[in-house]
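Listed in order, the protein sequences are those of chains W and H. Residue numbers 4 to 691, in the working numbering, belong to the letters of the first sequence in order. Residue numbers -11 to 305, in the working numbering, belong to the letters of the second sequence in order.
Worth double-checking, as some hints may not be accurate.
Stated by the list, open to error - A few chain W residues that face chain H, going by a derived Cβ cut-off under 10 Å, partial list only: (1) VAL114; (2) ALA152; (3) MET155; (4) ILE199; (5) THR286.
Just so you know, these hints were derived from the structure itself, not from any lab. We treat Cβ as the ideally placed atom computed from N, Cα and C, and that holds for glycine.
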Amino acid sequence: MTGNRPPPGRPGLLWWVLRAQWAWGLLPLALLTDVSRAALAAATASFVAGAYLDWTEARRDHWLRFTPPLLIAAVAAAAADFFRGSQDLLYSVSVLVLGIQSVRFILPKGVRDGWQLSAISFLEFLASAASTTEVQFAVFAFIYLGLCAGAMWALQVQGEEREEDAAVRTVRTGFAAKLLLLAAGGGLLFSMILFIVTPRVGIGQMLRNLRRTEGITGFSDTISLREVTGVKADRRVAARIEFPGSPADIPPSGLYLRGATYSVFDGRTWMRPLRYRMRLPRTGTQYTAAPVPGGTNLREADVTLEAMENPALFVYGTVHLLEGSLGDLWTEGEGSFSIAMPGHPPLRYRIHFSEDASMASVPDPAAARRYLALPAGWDDLVKLSARITAGAGTDAEKAEAALRYFRTGFRYSVTDSASSVRDFLFVRKAGYCEHYATALALILRASGIPSRLAAGYLGGEWSDVGKYLIVRQSDAHAWTEALIDGKWLTLDATPPLGENSPFFTRTGKPWIYIDWARQRWDKYIINYSFKMQAEGVMEGQLAFRRTRAGLARAFGPAKALRRHGAQLGAAILALLLAAAFLRRMIRIPSLNRMSAAHDGEAPLPNDYARLLRRLAAAGYRRTSGDTMEEMMRGAMESRGSIEADASRFLALYHRDRFGAFPLPPEEFREAGRLAARLGREIGRRLAE
Amino acid sequence: MNLSALRRRLRPPRRLRVTPEGKWFLLITLGVGAAAVNTGNNLLYMALSMNLSLILVSGFLSEWCIRRTSVRVRHASEAFASRESLLAVTCFAGRKRFPAISLTLSLPIDGAIRSIRFPEIPGGGAATRVFSFRPARRGALSSVSCEVSTRFPFALFVKSMDVTPDASLVVYPEPSEAEEHAERRNVRESAGAAAPSGRGGESIRGAREHMPADPFRDIHWKASARMGKWMVKERESGRAAVVDIRLPAECRSPDLERIVSVACAFVLACEKEGRPYRIWEGESLRIDAAGGSLRTEALTYLALAGAEEPSAERGAP
Chain W
4 MTGNRPPPGR PGLLWWVLRA QWAWGLLPLA LLTDVSRAAL AAATASFVAG AYLDWTEARR
64 DHWLRFTPPL LIAAVAAAAA DFFRGSQDLL YSVSVLVLGI QSVRFILPKG VRDGWQLSAI
124 SFLEFLASAA STTEVQFAVF AFIYLGLCAG AMWALQVQGE EREEDAAVRT VRTGFAAKLL
184 LLAAGGGLLF SMILFIVTPR VGIGQMLRNL RRTEGITGFS DTISLREVTG VKADRRVAAR
244 IEFPGSPADI PPSGLYLRGA TYSVFDGRTW MRPLRYRMRL PRTGTQYTAA PVPGGTNLRE
304 ADVTLEAMEN PALFVYGTVH LLEGSLGDLW TEGEGSFSIA MPGHPPLRYR IHFSEDASMA
364 SVPDPAAARR YLALPAGWDD LVKLSARITA GAGTDAEKAE AALRYFRTGF RYSVTDSASS
424 VRDFLFVRKA GYCEHYATAL ALILRASGIP SRLAAGYLGG EWSDVGKYLI VRQSDAHAWT
484 EALIDGKWLT LDATPPLGEN SPFFTRTGKP WIYIDWARQR WDKYIINYSF KMQAEGVMEG
544 QLAFRRTRAG LARAFGPAKA LRRHGAQLGA AILALLLAAA FLRRMIRIPS LNRMSAAHDG
604 EAPLPNDYAR LLRRLAAAGY RRTSGDTMEE MMRGAMESRG SIEADASRFL ALYHRDRFGA
664 FPLPPEEFRE AGRLAARLGR EIGRRLAE
Chain H
-11 MNLSALRRRL RPPRRLRVTP EGKWFLLITL GVGAAAVNTG NNLLYMALSM NLSLILVSGF
49 LSEWCIRRTS VRVRHASEAF ASRESLLAVT CFAGRKRFPA ISLTLSLPID GAIRSIRFPE
109 IPGGGAATRV FSFRPARRGA LSSVSCEVST RFPFALFVKS MDVTPDASLV VYPEPSEAEE
169 HAERRNVRES AGAAAPSGRG GESIRGAREH MPADPFRDIH WKASARMGKW MVKERESGRA
229 AVVDIRLPAE CRSPDLERIV SVACAFVLAC EKEGRPYRIW EGESLRIDAA GGSLRTEALT
289 YLALAGAEEP SAERGAP
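Construct the complete structure from the given sequences, taking the supplied hints into account.
Laid out in structure tokens, this is it:
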């Protein structure tokens, strides 16, 4: 079909799309992973060079002899990355793939090489998928889907040209763009459906998840006085929490998100008693942390934790039940939970908790001794505690007195803080949450009240858009928990600063929307699970029942519904039949394709059409039935100078329009050039 | 209904064959699926979904491309048995708004499959390819089954369907060479006395439908405008004595092929010279071209002489 050829000598849209697909895999690798930057730079440089060489159609067959040494160099680079560089198998394999890709980019490319480069690009895309959970990956994936469609189409076209042994192939830019958009849109729709319905099973038989955890630090097994406040300068989001059973418009307040509790203090550092760890009983994806007493009104929270380099799970209040695909869960019996791995990718789980601490288990005598232990030689602290709690009869009164003690004479300061707890209590009286929490815990211990330090997050920013709580690193906090009257109570001696806090973080509306997208991505893509699929099916069944019940209400009892349904169905069927009949009636004339109007004739290419218009404008069209040849011969008679061009053009024109096969590309280009030249010549004469 | 007809009816409307590239694609998809199931990584599930969706998109686009495609096969020149002739194959895009892309038409000709490619046919339009062939025997061929296939859009699968083209092909008998030579001699000897005709004649004798091999200068514009299709002029110079061509009444005689071949040569010679002629079958007058050219009718009669009905076995092109 000569009428739909792209302009000669210029690569079409598919040429660019194919190369874009080859290079697109590099982008997520560069932006979302830690693959060797040198390898990425080499691949990018060779891509640019290769694209330029392809554009100029430079002959470089003799370069093929350099392939083996270049591939050996790529293998050596991958080995060096594995042993000396990233020491990560996935990243080293990526370096090898990048090396092979770099070599392929600069060498001449046939159709088979094109398919191989596309496959390499897909492998890079897979490596990115295995290495990241960022929401930006969604954008890469969507564009990549369209590029894959375009690249395969380009390769199909090239393959056909090779089989035909003639480089005449025709993809109009507008049509290609529309079809690629259609393919990308349709592909996205199908992808979403398939993503939702594909059963989520993770058998883990051959390889573990290759993703390397590089997340938030802090909340390790030991913390010093600087540990929590040290992370508060970080504005990254640590967790996003939804409260399914709560009213959506009322943000929760005063909830302490506990990550870890520490009961052993050596004078400078708090530690966790790891030897008391025990595994939580588990049924499927449900973990029972504590029995639920009758009449207790439990709250629910869906926690989406970002990737972390510590095993802590963050919970509210007293947790009774945990749900999620978390593997083995461990607890020290102190209200904190951890997973079996030292770090984790983004996690999502649901907790069922009670805000009050009345259900907390009373520690055994050995543990109770741990909660009362003070560092050796802290007699001054014991005296201070006795002075503070003098006059208080019960533990609750002692705790209240201790809290009251910190409200006067102490100030919150990050810049001028005490260097130790003793410095905080007796000298400087300035510090931050760890100082307050540690000092309160020690005073309570000195007065005989078992107590511990808890670390986690307090509060957060409520998202009005998504109705969830955004917890940032800047919300990190430490507080005290004390066992009073058989209950673990949260005691916070740190003065509430609110918006005056140096770490107070609030974002504008655009960022709230971006965070909402991220939350949805984490919830519905990264943490999409078999459980969510099952819940979706159940919700679908419920919706179906509700609809059926609604219809029954609208149309009366079931018998009447059936009768009305039959009538409705008959009416719809009749309408459809009528529509089909009308459509057929309307389409009959257009279906008569055997008419002579389009009888095997291709549309006239633009160059030819333009020349015809020029000839007609110059007065060479005597009757409406005059052919190109007749008009051109008329022009030749009056203008002898165009005779050579016109004769050559007519020969090509006749072969192109009426010959058995399309013209080869170079002759088609020549015909186009001649038509343009003749048109210019005739137009110039006309102007004269 | 016999077994083959039943099998044809039960055959799925489309056939799908996986290309080598498609096999690799399926293999990679399978690998991604295994990795996704193994790791439980949802982004790998997303990559798996993308691959599967590309397969679905490929199926839809290829169906849009191939659906309702129709084919017409006709002669681009007169076809004589054992002589090179041209066949024009026209493929019509089935959809008005969607072009038919990368179509390959597999047409059984001369006992071999001829592949004809149509890179792109605009929506609602058509494209014609002309190729040469050498029919083995004379006769009519009313139906030719061919296969239309496409690798569009991604070359992962070849989707194909059977099409019965609109074709009424008649292969004329092979003109007897001995008679041709004799006629040429006659023509040379009678040059000047006879009435040369055909395209070189002076007066227009009639018009017939245009064939792709006809030059454009012969187009009869007024007749074309009247008929709504391209017509070409037939010319003649004058009148001459009527030549009678007689075939045996019993058209199943063992010498029939030779007789028909000779008759064909006579008809061609008469047409070339513009001489009037008649064809008799025994005592029955079958073709009377004494009043003007009846070339097509005469040759068609000779092509079908002795045949009960047109069949694919006889005179297949």
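Practice prompt. List in ascending order the numbers of the hints, as given earlier, that are violated by the structure.
Written response: 5
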